[in-house]
Amino acid sequence: DQQVKQNSPSLSVQEGRISILNCDYTNSMFDYFLWYKKYPAEGPTFLISISSIKDKNEDGRFTVFLNKSAKHLSLHIVPSQPGDSAVYFCAARSHSGTYKYIFGTGTRLKVLA
Amino acid sequence: EADIYQTPRYLVIGTGKKITLECSQTMGHDKMYWYQQDPGMELHLIHYSYGVNSTEKGDLSSESTVSRIRTEHFPLTLESARPSHTSQYLCASSADRGRGYTEAFFGQGTRLTVV
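Protein chains in written order, with this note's numbering: chain A, -12 to 100; chain B, 121 to 235.
Calculated directly from the structure, the hints in this document are not laboratory data. All of these numbers come straight from a predicted model, not from anything done at the bench. It is possible that part of the hints are untrue.
What the hints assert, rightly or not - Which bits of chain B does chain A cover? Going by a derived footprint, with three or more residues having C-beta under 8 Å, they are:
| id | segment |
| --- | --- |
| 1 | 135 to 141 |
| 2 | 148 to 160 |
| 3 | 168 to 182 |
All C-beta atoms in this analysis are idealised placements derived from N, C-alpha and C, irrespective of residue type, glycine included.
Go ahead and model the full structure; you've got the sequences and the hints to work with.
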């Protein structure tokens, strides 16, 4: 049973436009959500996070939105740059229990120059 | 910059060999994790540790074993490698000593190929 889902395996966006990556979760115990960026043959790099007490967190070109009622979060990248091309993973964690990070399947973003 | 290191980066080994993947972090993090990832798939948690002498199996069954004798070191061992073990192995650590919400830091991964 997949608790964190990224239903879009890939996304192509023109340079300078907005990239929107989506993530859904099923476990209502999750209270911390993260986005990671990953290049092939490398480890994931942390991008931005949000706790369940917030609905928005912004860091430069990256903004994460959390809709708890819909169990949905999204990552907005504005403006998109060719260097943003990578696989983006959504992850979630619960502080009640085992503190494990549960990851989605990833979305491959391609930013076209 | 995260200080978590994995060696080797790449390993090609024959079936039946014993291998150990090394993972070390210099951040003093109490929690450490091993994930396995195949192309196009999610990261599957195979082992985690809350601290020294504490290890637990993750959500994905794995024939590998781990140990946590020192805070900074979390090696993963396969007693007899098989082609089905071919994958990327990712080590991570996090600090959760009452500091609230924190992210996990990942090493660069080990790409294992068993022939």
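Q: Check whether three or more residues of the segment 168 to 182 of chain B sit with their beta carbon closer than 8 Å to a beta carbon of chain A.
A: holds (count 5)
Q | Proximity test - 8 Å, beta-carbon atoms, the segment 148 to 160 of chain B to chain A, at least three hits | A | Three-residue rule met by the segment 148 to 160 of chain B, so holds; n is 4.
(Q) Can you tell me if the segment 135 to 141 of chain B counts as covered by chain A, using C-beta to C-beta distances under 8 Å and a minimum of three residues? (A) violated (count 0)
The structure shown violates just one earlier hint, number 1.
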